[in-house]
Amino acid sequence: MSIALLSLIVLGLAALGYLLGRQRALAAAGGDMRRLHSLPSYYGASVFLFTAVPAFLAMVLWLLVQPVVVDRSTAAMITAADVPQGSSHALVMADVRRIAAGLDILVARGMDEDLLATMRADLSDIRGRLGGVGVAVAETVSPNVFEAAKSYRSLANTGRLAMAAAVLALAVGGLLYAAFRITPDLRARNIVESFIRVLLIGASTIAILTTLGIVLSLVFESWHFFRLYPAKDFFFSLTWNPKFGGGSSLGVWPLVWGTLYVSFVALVVAVPLGILAAIYLSEYASPTVRGLAKPALEILAGIPSIVYGLFALITVGPLLRDWLAMPLGLGDSSSSVATAGLVMGIMLIPYVSSLSDDIINAVPQAMRDGSFGLGATPSETVRQVVLPAALPGIVGAILLAASRAIGETMIVVMGAGAAAKLSMNPFEAMTTVTVKIVSQLTGDTEFASPETLVAFALGLTLFVFTLGLNVLALFIVRKYREQYE
Amino acid sequence: MTDLSAGLPHAPRSLFEADARTRRRNAAEARFRFYGMAAVAVGILALVFLLVSILGNGLSSFRQTGIELQVTLDAAVLDKAGNRNPEDMKKVTTVGYGKIIGAALVEGLAGAGIDTSALTTKQVSALLSDEAPRRLRDMVLADPSLVGQTVPFRALASGRVDGFLKGRVTMESARLDSNVSPEQLEVVQAMKDHGMLSLAFNPSFFTNADASELRPESAGLGVAMLGSLYMMIIVLVLSLPIGVAASIYLEELAPQNRWTDIIEVNIANLAAVPAIVYGILALALFINFMGLPQSAPVVGGLVLTLMTLPTIIIATRAALKAVPPSIRDAALGVGASRMQTIFHHVLPLAMPGILTGTILGLARALGESAPLLLIGMVAFVKDYPSAPPQGFMEPASALPVQVYQWTQRADPAFVERASGAIIVLLVFLIAMNATAILLRRRFERRW
Amino acid sequence: MNAMQTPVIDAAALKPRIAASGVQVYYGTNHALKDVSVDILDRTTTAFIGPSGCGKSTFLRCLNRMNDTVASARVEGKILLDGQDIYDKRVDPVQLRARIGMVFQKPNPFPKSIYDNVAYGPRIHGLARTRADLDEIVETSLRRAALWNEVKDRLQAPGTGLSGGQQQRLCIARAVATGPEVLLMDEPCSALDPIATAQVEALIDELRERYSVVIVTHSMQQAARVSQKTAFFHLGNLVEYGDTQQIFTNPQDPRTESYITGRIG
Numbered sequence: 012m013s014i015a016l017l018s019l020i021v022l023g024l025a026a027l028g029y030l031l032g033r034q035r036a037l038a039a040a041g042g043d044m045r046r047l048h049s050l051p052s053y054y055g056a057s058v059f060l061f062t063a064v065p066a067f068l069a070m071v072l073w074l075l076v077q078p079v080v081v082d083r084s085t086a087a088m089i090t091a092a093d094v095p096q097g098s099s100h101a102l103v104m105a106d107v108r109r110i111a112a113g114l115d116i117l118v119a120r121g122m123d124e125d126l127l128a129t130m131r132a133d134l135s136d137i138r139g140r141l142g143g144v145g146v147a148v149a150e151t152v153s154p155n156v157f158e159a160a161k162s163y164r165s166l167a168n169t170g171r172l173a174m175a176a177a178v179l180a181l182a183v184g185g186l187l188y189a190a191f192r193i194t195p196d197l198r199a200r201n202i203v204e205s206f207i208r209v210l211l212i213g214a215s216t217i218a219i220l221t222t223l224g225i226v227l228s229l230v231f232e233s234w235h236f237f238r239l240y241p242a243k244d245f246f247f248s249l250t251w252n253p254k255f256g257g258g259s260s261l262g263v264w265p266l267v268w269g270t271l272y273v274s275f276v277a278l279v280v281a282v283p284l285g286i287l288a289a290i291y292l293s294e295y296a297s298p299t300v301r302g303l304a305k306p307a308l309e310i311l312a313g314i315p316s317i318v319y320g321l322f323a324l325i326t327v328g329p330l331l332r333d334w335l336a337m338p339l340g341l342g343d344s345s346s347s348v349a350t351a352g353l354v355m356g357i358m359l360i361p362y363v364s365s366l367s368d369d370i371i372n373a374v375p376q377a378m379r380d381g382s383f384g385l386g387a388t389p390s391e392t393v394r395q396v397v398l399p400a401a402l403p404g405i406v407g408a409i410l411l412a413a414s415r416a417i418g419e420t421m422i423v424v425m426g427a428g429a430a431a432k433l434s435m436n437p438f439e440a441m442t443t444v445t446v447k448i449v450s451q452l453t454g455d456t457e458f459a460s461p462e463t464l465v466a467f468a469l470g471l472t473l474f475v476f477t478l479g480l481n482v483l484a485l486f487i488v489r490k491y492r493e494q495y496e
Numbered sequence: 049m050t051d052l053s054a055g056l057p058h059a060p061r062s063l064f065e066a067d068a069r070t071r072r073r074n075a076a077e078a079r080f081r082f083y084g085m086a087a088v089a090v091g092i093l094a095l096v097f098l099l100v101s102i103l104g105n106g107l108s109s110f111r112q113t114g115i116e117l118q119v120t121l122d123a124a125v126l127d128k129a130g131n132r133n134p135e136d137m138k139k140v141t142t143v144g145y146g147k148i149i150g151a152a153l154v155e156g157l158a159g160a161g162i163d164t165s166a167l168t169t170k171q172v173s174a175l176l177s178d179e180a181p182r183r184l185r186d187m188v189l190a191d192p193s194l195v196g197q198t199v200p201f202r203a204l205a206s207g208r209v210d211g212f213l214k215g216r217v218t219m220e221s222a223r224l225d226s227n228v229s230p231e232q233l234e235v236v237q238a239m240k241d242h243g244m245l246s247l248a249f250n251p252s253f254f255t256n257a258d259a260s261e262l263r264p265e266s267a268g269l270g271v272a273m274l275g276s277l278y279m280m281i282i283v284l285v286l287s288l289p290i291g292v293a294a295s296i297y298l299e300e301l302a303p304q305n306r307w308t309d310i311i312e313v314n315i316a317n318l319a320a321v322p323a324i325v326y327g328i329l330a331l332a333l334f335i336n337f338m339g340l341p342q343s344a345p346v347v348g349g350l351v352l353t354l355m356t357l358p359t360i361i362i363a364t365r366a367a368l369k370a371v372p373p374s375i376r377d378a379a380l381g382v383g384a385s386r387m388q389t390i391f392h393h394v395l396p397l398a399m400p401g402i403l404t405g406t407i408l409g410l411a412r413a414l415g416e417s418a419p420l421l422l423i424g425m426v427a428f429v430k431d432y433p434s435a436p437p438q439g440f441m442e443p444a445s446a447l448p449v450q451v452y453q454w455t456q457r458a459d460p461a462f463v464e465r466a467s468g469a470i471i472v473l474l475v476f477l478i479a480m481n482a483t484a485i486l487l488r489r490r491f492e493r494r495w
Numbered sequence: 286m287n288a289m290q291t292p293v294i295d296a297a298a299l300k301p302r303i304a305a306s307g308v309q310v311y312y313g314t315n316h317a318l319k320d321v322s323v324d325i326l327d328r329t330t331t332a333f334i335g336p337s338g339c340g341k342s343t344f345l346r347c348l349n350r351m352n353d354t355v356a357s358a359r360v361e362g363k364i365l366l367d368g369q370d371i372y373d374k375r376v377d378p379v380q381l382r383a384r385i386g387m388v389f390q391k392p393n394p395f396p397k398s399i400y401d402n403v404a405y406g407p408r409i410h411g412l413a414r415t416r417a418d419l420d421e422i423v424e425t426s427l428r429r430a431a432l433w434n435e436v437k438d439r440l441q442a443p444g445t446g447l448s449g450g451q452q453q454r455l456c457i458a459r460a461v462a463t464g465p466e467v468l469l470m471d472e473p474c475s476a477l478d479p480i481a482t483a484q485v486e487a488l489i490d491e492l493r494e495r496y497s498v499v500i501v502t503h504s505m506q507q508a509a510r511v512s513q514k515t516a517f518f519h520l521g522n523l524v525e526y527g528d529t530q531q532i533f534t535n536p537q538d539p540r541t542e543s544y545i546t547g548r549i550g
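Chains as they are written, first to last, in our numbering: chain Y, 12 to 496; chain V, 49 to 495; chain X, 286 to 550.
These aren't lab readings, by the way, just hints derived from the structure by calculation.
Keep in mind the model is a prediction, meaning the values are calculated, not measured.
Beta carbons: idealized from backbone N, C-alpha and C, even for Gly.
One or more of the hints may lead you astray.
Claimed, not checked - Below are the DSS-like pairs computed for lysine-lysine, each with C-alpha atoms no more than 30 Å apart in a straight line:
| # | chain 1 | residue 1 | chain 2 | residue 2 |
| --- | --- | --- | --- | --- |
| 1 | V | K369 | V | K430 |
| 2 | Y | K305 | V | K369 |
| 3 | Y | K243 | Y | K432 |
| 4 | V | K147 | V | K214 |
| 5 | X | K374 | X | K300 |
| 6 | X | K391 | Y | K490 |
| 7 | V | K128 | V | K170 |
| 8 | X | K374 | X | K397 |
| 9 | V | K147 | V | K430 |
| 10 | V | K369 | Y | K490 |
| 11 | X | K397 | Y | K490 |
| 12 | X | K397 | X | K319 |
As the list claims (entries may be wrong) - Looking from chain Y toward chain V, a few residues come up when the C-beta cut is under 8 Å (computed):
| # | residue |
| --- | --- |
| 13 | E204 |
| 14 | I290 |
| 15 | L452 |
| 16 | G479 |
| 17 | V482 |
To be verified - Have a look at the derived ranges for each label pair, beta carbon to beta carbon:
| # | chain 1 | residue 1 | chain 2 | residue 2 | range |
| --- | --- | --- | --- | --- | --- |
| 18 | Y | Q376 | V | L380 | 31 to 39 Å |
| 19 | Y | A459 | V | S193 | 54 to 62 Å |
| 20 | V | P341 | Y | L50 | 23 to 31 Å |
| 21 | Y | D333 | V | E135 | 55 to 63 Å |
| 22 | V | S226 | Y | R109 | 34 to 42 Å |
| 23 | X | N434 | Y | P306 | 53 to 61 Å |
| 24 | V | A482 | Y | A86 | 50 to 58 Å |
| 25 | Y | L433 | V | R306 | 43 to 51 Å |
| 26 | Y | A87 | V | A479 | 33 to 41 Å |
| 27 | Y | E158 | V | A479 | 51 to 59 Å |
| 28 | Y | G42 | V | A482 | 51 to 59 Å |
| 29 | V | S226 | Y | D343 | 39 to 47 Å |
Using the sequences and the accompanying hints, generate a full structural model.
What follows is the structure, given as structure tokens:
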């Protein structure tokens, strides 16, 4: 039974429950709505919720747990002898799952279940048959692997059936329970509202679950990485040189350097321009100019980073190379720290300016009046009164911009280059943490190798770094706002 | 005590003349003002420069070079059985059609009196795209009655020929190019002069799937747009109800305690977590742990939902906050429960703000590419996914990822395609943002 | 003109510093001030009284062109400072405000140290050649604002850390430090407790010996206590202007009488 069909049945039952609940409530009150504690629809809704919610929860839970359980029990069937040279247990398990999926397709295409049960890997051409239905299996299938696949398949199918039974039982049980306890005095509205309240709370915990998911997946896989590769080398080595055959040096510093260098260039571009633009727009510009320039800057903020990446790749990179780097003899690469930094700076201008704008506007007008009243010019007022008063907020804004620059991916992937280097020359191609996360996770290396897993350690580094900056920035900005409230 | 009341020691008594110091201060003022103006101008110029660069590179992808031919569809070749049955005619592959088009091209060149003696036959047919025979075959199979006739057919020209008409390929570049020779370009020039070859609107850019490295001329955005649409559907269906539910709880019901504080800090931080980290989460959780398929819109949709949620929650909470407490008091005052107050009064009033925030969140999700790279959406997908819900699980591409993929190819023709795709993406984004602004204008309420 | 050596309340003998005639102010389409003509005398405290929204603060802000900072405001008519039109386009409002200082309703010290608050004006106008000059100006101004004894040991402490009354006296010291000829005070005591109010009032009386002081106030007792001349505003009109004593004891206009006896406002 497919999940879609099962969901439909549960929903159908719940709808039935709604009608039944309503009906029973009215009947219990002798058709007089006023004798009921709540509106009839609340009685219906309470049955609906009792039918659908526990059933769906059970279904989701089952779907999450079943693969783990099935994996565990089949993994034991694979012995060390079944793992070919250069492969790993995890890869063989992936094969098992693929074969099981292929067998499902074969059965769906009319192969006899009994035939499958007697089929043996060493006698029939499993690989050919699976290839026929579009499932590619590497090399020959060892008997153990095939048996594991068969058992995986039957366990999964049994699990599915059990799940359908459990879910339907819960739905029917919930329906009966809720429908038969209806009396005119039942506080149906309160029940429904408590139910909704629980759902709302559940929705709001998704934020926490997401954070938890991020942290767990990063930490878990990074731990795998550090078991394969010494943490000392990762954190203290100055070379980044992954090799397919193993023996890579995976020092994080060249990447951190590239990241910081690009972000620095970006901030050098974005911070002065953004703050000056914010000052001009909030303190000087006429309403017409503000009405035109502000949306224009906001458009700049709404452009996806892939667009900036393309801009760096096809326009800014060649331009910088032909007009600056080559005449100055500083390099001949169109991907460079300067390219990525400049374009990222442009991207951050509206971000810095809108944050600064908010912060500058939060400085009370009384401050400005005080300064104007003493005969200060607007620029003196801005520089000596408004900016010092807004300083903590602006520092917060710069930290937020820095965190965005460090985490930015597409611009550096397309504009900064791929060579991990520790160089001061801004016209040289360098690489960043985010670029390497992408390249290590999209490459062809196998997942369990340190060359791939290092991406998670890089991700963890990036996450900790940006999280620290964000928390600090949010804290500063919050303190700043409290000051003027 | 010094006497300060005598006024400024150096100030002129007249208000009408500025003293030296005031003049200096005013000059500094003018300079500062100019810096501010320059900063705004730099920002706007950067925007203009970016748009001009993208439009300049990409607009040409909406037009494509085709060669007008009179193709004789020989029945002896295309329909050996002679019964015009499409099932039987399918036996003839594109190779057979390729020969027919090649012949038609040679004939057309001769008819126009263009000298092709400097070219081999292979070089002549290399002017055509490998895609042309497939289109002819599709046309014939759709209408078998054409067989035996001589029909006009607009054959897709090869990428290099297209580049020549668009100025990307020149005689100089052809000398260094193994795929096209200056002699071929001479012929192309002559064909253009005879009107055999022209640029025309290119609908297949919107309908075709991606094409291989060797056929930039037939690469299109169809699968990418459909994949993006699928993901947006998932994002909308998941993030709007969850986001609104979470906001209602946090804004209207939650007690002020530690737990709520933790949630709030979490949401603020999630909004600032780098996109790539969400990609790592999706890879580890959805693909490795839950076993969802790679490259599938469902995974993309889920990760974009997680990324969009903070945006929607922040916007929804602002919208809820903007509904004045007097409305809640009024509803509670006539004996409505908290939930009834929220769902009957507060939520409907906040709806325009919520929808605006949702559209803006979707627009951001539509342009997001970094997390999609990690869940395998960079794979080369040449078939359309099927209709939902099955299609959600099948490989697809997405607009921004398609752009990235095209920029990674060697042929400069793909730069044009990538820029064209960006234009399409930007048009969608502008449409979404404009909708949001209109919505805000139309329903904005001041209390 | 005889040079006045001692402060004598003898209005007739004092020359007018500011002469305003036919002043109109519009905020967008709102006609906030209608045809006001007033002469502000030297070494005199002039009080502007009237109900909320009557235009008294608006008029005060016209006198040093603070209305320039409100984008929608438009001022018509003539205001002369020592015979020169302050709305003439040759006039630099910055220079004007150095000569006509202002103290605001809410104490608004800058988020800087007490010293820097007071030194701000002298610094931007270049009044001190040396650090010692500046120290002296700061001390003199703080003494004049009757704040010196309270803050002399903590000049580097932030100005925002003072109490409300101290903050307002700091703002007065700040305004005094640039050596203005006229001091405008917009309800300077509305945020202060009675003790602080008494201190500020004493200060105003002292300042009058050197400056022309214009004070907007809601409190009629205060106007009666500190001023020699009083102007009563109502609905954007200047209803009556004259000696304080005469306004409070023998008002000419029935509206003035209603206001000071508490029937309107």
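Tell me, in ascending order, the numbers of any earlier hints that this structure violates. 1, 8, 12, 16, 20, 26 and 29
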